[in-house]
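J.: Knowing the structure of chain A, use the given hints to seat chain B on it.
Number of protein chains: 2
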Amino acid sequence: MEKLIERIKSDGTVSGEDILKVDSFLNHQIDVGLLDDMGKEFYNYFKGKNIDKILTIEASGIAVACFAGKYFDVPVVFAKKTESKNLDLETYDADVYSFTKGKTYKVKVSKKYLSAGENVLIIDDFLANGKAAEGLISIVEKAGAKAAGIGIVIEKAFQLGGEKLVNSGYDLFSLAVIEKFENQQPVFR
Amino acid sequence: MEKLIERIKSDGTVSGEDILKVDSFLNHQIDVGLLDDMGKEFYNYFKGKNIDKILTIEASGIAVACFAGKYFDVPVVFAKKTESKNLDLETYDADVYSFTKGKTYKVKVSKKYLSAGENVLIIDDFLANGKAAEGLISIVEKAGAKAAGIGIVIEKAFQLGGEKLVNSGYDLFSLAVIEKFENQQPVFR
Numbered sequence: 624m625e626k627l628i629e630r631i632k633s634d635g636t637v638s639g640e641d642i643l644k645v646d647s648f649l650n651h652q653i654d655v656g657l658l659d660d661m662g663k664e665f666y667n668y669f670k671g672k673n674i675d676k677i678l679t680i681e682a683s684g685i686a687v688a689c690f691a692g693k694y695f696d697v698p699v700v701f702a703k704k705t706e707s708k709n710l711d712l713e714t715y716d717a718d719v720y721s722f723t724k725g726k727t728y729k730v731k732v733s734k735k736y737l738s739a740g741e742n743v744l745i746i747d748d749f750l751a752n753g754k755a756a757e758g759l760i761s762i763v764e765k766a767g768a769k770a771a772g773i774g775i776v777i778e779k780a781f782q783l784g785g786e787k788l789v790n791s792g793y794d795l796f797s798l799a800v801i802e803k804f805e806n807q808q809p810v811f812r
Numbered sequence: 624m625e626k627l628i629e630r631i632k633s634d635g636t637v638s639g640e641d642i643l644k645v646d647s648f649l650n651h652q653i654d655v656g657l658l659d660d661m662g663k664e665f666y667n668y669f670k671g672k673n674i675d676k677i678l679t680i681e682a683s684g685i686a687v688a689c690f691a692g693k694y695f696d697v698p699v700v701f702a703k704k705t706e707s708k709n710l711d712l713e714t715y716d717a718d719v720y721s722f723t724k725g726k727t728y729k730v731k732v733s734k735k736y737l738s739a740g741e742n743v744l745i746i747d748d749f750l751a752n753g754k755a756a757e758g759l760i761s762i763v764e765k766a767g768a769k770a771a772g773i774g775i776v777i778e779k780a781f782q783l784g785g786e787k788l789v790n791s792g793y794d795l796f797s798l799a800v801i802e803k804f805e806n807q808q809p810v811f812r
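Quick mapping for you: the protein sequence lines, in order, are chains A and B. For reference, each letter of the first sequence is one residue, going 624 to 812 in the numbering used here. For reference, each letter of the second sequence is one residue, going 624 to 812 in the numbering used here.
Okay, chain A solo, but in the shape it has when bound:
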């Protein structure tokens, strides 16, 4: 998605070896027009898949998943990361290791909001090692539903999560794919 790649080039900042910060339009401040365009891109790619539901993970996946949800006209479910008194006891769970935060957290979706046979589109902001996506896939499959597609805003291809998903037969579509970082600049595929 050219518009996104241009925005990453102009507003993204790289810290350390391979941490890309896109806080100014995606992860903290949200450019609603750009995210709406992303929702439309996901729709155009996955519209033939009879999507029944979109699944994402709190917090930074929610915005883009909602804009996609508008185009598909389906409910969006966001997996919760922490235990909350207000969450149902009856949940599908997965453990997800976050390299960014350096810890494992539990991801939960109430059994009420995923049903056997549904075609679920998984949407998230980043794909690196693929741990979050794998956790969401395992939740979908525990529900007897199908992970009909995986839509990612920014994929860091060198961390191989995407390759693993594709090799396992999942339909992965990433709006921007970073091959590597060179002189603290992302190089896109």
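Check each hint, because a few of them may be wrong.
You can't tell identical chains apart in this list, so a pair holds if it fits in one copy or across any two.
To be verified - DSBU-like, lysine-lysine: derived pairs with alpha carbons at most 30 Å apart:
(1) LYS734 to LYS632
(2) LYS626 to LYS726
(3) LYS726 to LYS663
(4) LYS693 to LYS803
(5) LYS726 to LYS704
(6) LYS644 to LYS735
Just so you know, these hints were derived from the structure itself, not from any lab. Computed from a prediction, not measured in an experiment: that's the story for all the values here.
T.: Positioned in the frame of chain A, the structure of chain B alone reads:
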């Protein structure tokens, strides 16, 4: 907002004395059509206020704030609840006590995304004791910006957060106001 009140009556569940669960369309599974309508309602009420930015708090405020952001055509900023390696060190902070979770957490917004003189619309899903709204207002005011309005999806009026905000001169608009619970059913104003 009649459509929201009808939805709460049909799909909301009350647990304990005064906990309303709206997980099926707002807090876990999201009805994107309904939230889009909510965004439009906020726009119709606050459109004369020259809103420059919308501020909400992760995670469940993000969706409704994004739909409102589309109508206002302004960026949405979501305050973060936990420390993350990816957040700027330069932040405006506030401590917020959550009665639901029984603990105090720190809420942060990067100084980059709030500027002096901006008219900020604060949007959140629930208003009860008003702690989250007060935290967001204090962050806005620390930035030298103005809390031009507070848009809430569901206000529990008997917990008095709303009354406090109005008495302090803030422009509060809640889409559904619950006066009390009677026989485990919400009674709307």
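J.: Evaluate each hint against the coordinates.
T.: Verification of the hints:
Taking identical chains as interchangeable, the C-alpha atoms of LYS734 and LYS632 lie at most 30 Å apart only when they sit on different chains, with a minimum of 22 Å there against 40 Å within one chain. In this assembly of identical chains, LYS626 and LYS726 lie within 30 Å of each other by CA distance neither inside one copy nor across copies; the values are 33 Å within and 42 Å between. For the homomeric pair LYS726 and LYS663, neither the shortest alpha-carbon distance inside one copy (33 Å) nor that between copies (39 Å) is at most 30 Å. Taking identical chains as interchangeable, the C-alpha atoms of LYS693 and LYS803 are never at most 30 Å apart, the minima being 33 Å within one chain and 33 Å between chains.
In this homomeric assembly, LYS726 and LYS704 come within 30 Å of each other (Cα to Cα) both inside a single copy, at 12 Å, and across copies, at 17 Å. In this assembly of identical chains, LYS644 and LYS735 lie within 30 Å of each other by CA distance solely across copies; the values are 13 Å between and 35 Å within a copy.
Going down the numbered hints, you'll see the structure goes against 2, 3, 4, while the others check out.
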